[in-house]
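Peer 1: Chain by chain, the residues:
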Amino acid sequence: MKTKVLAIDDSRTIRNLLAATLEEAGFEYVSAVDGREGVDMYDDVAPDVVITDINMPNLDGFGVIEELRGTDINSKVPILVLTTESAPEMKARARNAGATGWITKPFDDASLIFALKRVTGAAA
Amino acid sequence: MQAEVKSNDQEVKHAQFSEFVSFTVAGQAFCLKITQIREIRRWSPVTILPHAPSDVLGVMNLRGAVIPIYDLSARFGLETTEASERNVVIVVSSAGKPVGLLAESVSEIISINPEEIQETPPVDSRNTKEYIQGIISHDETMVRIINLDAVISVPEQVL
Amino acid sequence: MSGSIQDTFFEECEELLEATDEGLSAIEGGDHNPEVVNAVFRAVHSIKGGAGAFGLDELVAFAHRFETVFDEVRANRMELDEPLIQLLLRSCDHLYNLVAVARDGGETDQAHHDMLIEALDKYIPEEEEDLTFEPMGLGGPMDVSAIDIPAAPTEETYQIHFRPLKDMYSTGNEPIFLFQALQEMGELSIELDVMELPGFDSIDPEESYLSWNLTLVTTEARSTVEAVFEFVEGLCELSIEGAGDAEADAAALAALEAAFGGAPADPTPVSEPAAMVEETPAAPFEQPAPAPTPEAKPEASGGKPAAPKAENAKSEQRGPNPTLRVDLERVDRLINAVGELIINHSMLAQQIANLDVADVRDVETELEGFKNLARDIQEGVMSIRAQPVKPLFQRMARIVREASSATGKTCKLVTEGENTEVDKTVIERLADPLTHILRNAVDHGIEKPEDREGTNKDRVGEIRLTASHRSGSVCIEVKDDGAGVNRPRVKQIAIEKGLIPENAELTDSEIDNLLFAPGFSTAKEVSNLSGRGVGMDVVKNAVTGLGGRINISSSPGKGSTFTIILPLTLAVMDGMVVSVADQTMVVPITSIVETMRGNDDMINNLGADGTLLSIRGSFVPICDVAGALGLEKKDDQPPGVYLLVETETGQRSALAVDDIHDQRQVVIKSLDGVCGEIAGVAAATILGDGKIAMILDPESILATSPAVGAFDTERRMSNAS
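So the sequences go chain by chain: D, S and E.
The first sequence runs 0 to 123 under numbering that gives the first Met the number 0.
The second sequence runs 0 to 158 under numbering that gives the first Met the number 0.
The third sequence runs 0 to 720 under numbering that gives the first Met the number 0.
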């Protein structure tokens with residue numbers, strides 16, 4: 000079974016980049032255009048891992064983590080935040096909300112896959 | 000009304016041989032590579048383009064597309080063709096756009112060994128030099144190979 | 000990275016820049032809604048994020064500055080005052096330029112770039128001034144002084160002690176995945192330490208009791224090994240010791256001793272789960288805390304009564320309607336197919352009418368239904384191509400800003416009817432003419448601020464750009480409150496350039512319309528703004544090329560108004576089917592004022608070849624269409640029908656044709672690529688019988704007609720005397 004990734008980002012460019020890299024690497028890829036849609040889709044998609052942007056309309060990345068972690072059954076799904084901020088406080092905030100890890104934009108294929116491997120064990 | 004020209008699959012072909020369609024224009028024999036030809040249609044009256052030069056006959060409707068029709072004879076500097084139902088329009092492609100060429104009639108499909116193609120001998124007519132890529136001898140007649148790009152690219156500048 | 004992804008990036012950039020522009024304009028207009036501010040922030044942030052992915056450093060650096068300044072505003076640490084808004088607007092314009100340069104190549108205006116950067120930097124608080132925007136390397140995040148393995152990859156053995164804290168599990172991190180990542184780097188052996196595991200009855204399921212001792216033999220750099228634990232840093236006890244490092248060894252011993260309070264060398268014999276780890280390390284074994292599986296789903300939804308509510312919230316919260324992005328080519332194929340369908344209908348109708356059948360009423364009813372359906376489909380398809388003019392208008396706001404700063408004038412652009420929808424191609428092809436008109440309005444229309452004050456006008460000039468639908472057409476209006484057309488000057492120039500005879504007597508409207516005459520330019524020298532060697536005639540050609548008309552009206556001291564009338568769609572047009580010299584042709588209905596059958600009494604000769612048609616007591620020049628198109632008529636029959644047309648200057652003429660057949664909608668087929676431009680012909684169409692017909696351009700026919708031209712001059716001369 001392919002590892003299923005739910006990517007939540009309001010930037011079409013980032014979604015395209017994720018899709019290209021992940022599909023190429025053999026992941027199954029599903030995307031949402033903002034936090035609200037991502038959370039709404041979550042149950043239907045039942046992803047193995049969530050990648051979410053921080054700055055988004057309707058519901059931001061922190062909100063996504065909080066909502067996904069808020070439901071007991073979901074509490075263990077790995078959530079990676081996509082962030083351009085290299086500032087440590089952004090990561091600290093994401094982690095406190097329950098994020099599993101982070102991917103710093105701009106990302107290259109290798110670091111994206113490496114990050115996914117560390118939280119899902121999926122081989123690229 | 001429409002006759003598709005297809006290469007005969009049963010025919011045994013030599014790898015280096017190319018197939019050409021030969022036709023007559025003002026009594027002379029010309030040919031085009033079969034791959035350059037999209038289809039051959041019987042002549043039907045065209046719509047005149049105002050202010051067009053004499054070798055541009057007009058435009059016709061090819062399945063919803065407006066395509067220009069050139070009189071090959073006039074283009075080669077020979078007399079203009081009085082087009083009739085017996086004549087044919089050879090539809091070729093110019094930069095992806097179809098263009099129709101009026102010819103008297105289509106003769107046959109001939110296989111040509113590229114080595115048999117001779118260079119156009121020096122002649123005075125500028126038109127001839129530009130439009131004829133080479134000549135070959137087939138059944139003891141001279142067949143002129145048309146330089147398609149030259150024939151269909153010029154009118155755009157003329158118009 | 001594939002080109003198409005980059006293409007979408009640039010496409011998205013356009014949208015994001017429009018959103019930025021729109022947000023800033025709203026803020027400029029006094030809207031300080033936090034959501035507007037957030038939207039701008041997000042848009043610029045997304046540009047930066049995307050640009051970073053494609054290594055567009057200059058764009059990244061500039062967007063980052065913009066974003067940093069805007070973040071101060073967003074956090075209410077900085078006031079959005081007028082100068083800052085103006086700076087941000089100009090920075091937004093510059094972002095457009097940077098995106099354009101990144102996409103199309105070319106050079107950025109370095110001086111302008113530096114000036115904006117300097118201005119933005121003034122707003123950036125000191126501690127954030129380090130704006131080097133670098134992606135974090137994999138080794139970076141760990142704050143362990145990195146001891147990278149030197150160039151040549153040598154094998155190293157690492158002893159890793161790893162003890163997760165209970166918080167680690169709540170972040171969704173799983174030790175097993177970290178181990179798998181390590182295993183891919185080399186040879187890994189794993190020992191589970193369950194020493195701390197309490198008796199079964201006192202286990203706290205939330206607590207973490209397990210720890211691992213790992214031995215990794217790898218050629219990878221230490222930083223890479225450390226990077227594996229990046230996400231769990233601070234959520235675990237971790238030590239990584241290279242075997243070759245004696246000092247580290249000692250530290251490891253100390254650490255281990257501290258951790259276990261006993262001899263570390265020989266941990267308690269491993270228990271069952273650990274044995275599994277050793278035997279099948281890569282196999283998917285039972286995980287300490289299972290991730291949700293699809294089987295768990297019913298539980299999930301059962302335990303979530305809030306789900307339907309969220310559904311509702313979803314439909315309420317979503318602002319814009321969901322959209323679908325479609326390749327334009329597909330839409331155009333559909334438009335062509337629908338065009339064929341309509342032609343096909345006319346062919347069927349014609350053939351049925353020709354049938355010698357007594358009762359065709361039933362067929363005709365059905366055919367009528369077919370026609371209506373085809374029209375519905377056509378309208379639907381056409382509406383797909385329709386787009387609001389808003390993005391175009393936003394671009395124009397930028398043009399006005401640029402033009403104002405280049406000419407030292409102050410003007411604002413007021414837009415109305417931004418949501419008016421127009422065919423996409425029209426919007427695209429309208430950009431250049433509109434740009435020219437607006438530059439012209441700023442350059443020649445609006446006066447200098449001091450001059451405006453002198454005439455009791457507001458210092459700030461106003462240009463009003465309006466779009467509206469007007470009886471089947473689109474109307475675009477550019478109205479300025481400037482000085483109006485300087486008629487004596489325009490007339491003088493026209494005379495100097497030989498455009499009109501010296502003694503010509505022209506109406507005000509005719510003088511104003513001289514601006515559109517080829518080769519006319521009022522600028523004494525070609526200004527670098529509206530000049531460039533092109534005049535308003537180019538604007539006029541562009542508009543007529545779209546099947547539209549352009550008018551100017553002006554009032555001295557009060558300003559000028561340019562009005563552009565365009566057809567709603569480019570693909571279909573209402574036309575009058577006529578015959579000219581045995582050819583069937585189509586004349587656009589929009590240009591026809593009146594049609595009439597002629598008789599000899601109405602024709603009056605004037606001079607050698609001029610003929611005039613008398614209509615209710617007035618005379619209009621007759622233009623023989625066949626003659627103007629260079630067609631020969633087979634018989635010498637006088638033309639039977641006159642089409643009264645009106646040019647933009649209000650000049651009326653009568654087009655003489657042989658006969659009128661009917662009036663119908665025709666599908667426009669461009670002659671681009673089929674032949675060059677033909678005087679008098681706008682495009683072609685395919686009629687019901689499958690034949691092609693030329694669509695005529697009355698203006699251009701009149702221009703080529705010697706008779707009408709001669710008459711015009713004659714009239715002017717006679718008026719002048």
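Hints are computed from structural coordinates only; laboratory data are not their basis.
Nothing here was measured: the structure is a model prediction, and the numbers come from that model.
Any given hint could turn out to be false.
[Said to hold, decoys possible] Listed below are the simulated DSSO-like cross-link pairs for lysine-lysine, each with C-alpha atoms no more than 30 Å apart in a straight line: (1) E:Lys496 x E:Lys389; (2) E:Lys370 x E:Lys456; (3) E:Lys447 x E:Lys370; (4) E:Lys370 x E:Lys411; (5) E:Lys496 x E:Lys456; (6) E:Lys490 x E:Lys423; (7) E:Lys496 x E:Lys370; (8) S:Lys128 x S:Lys32; (9) E:Lys447 x D:Lys3; (10) D:Lys116 x E:Lys165; (11) E:Lys423 x S:Lys96; (12) S:Lys96 x E:Lys478.
[To be verified] Okay, the calculated bits of chain D under chain E, using three or more residues with CB under 8 Å as the criterion: (13) 11-22; (14) 53-65; (15) 93-102.
Note that CB positions come from ideal geometry on N, CA and C, so glycine has one too.
Peer 1: For which of the previously enumerated hints does the structure constitute a violation, in increasing order of number?
Peer 2: 1, 2, 3, 4, 5, 6, 7, 9 and 12
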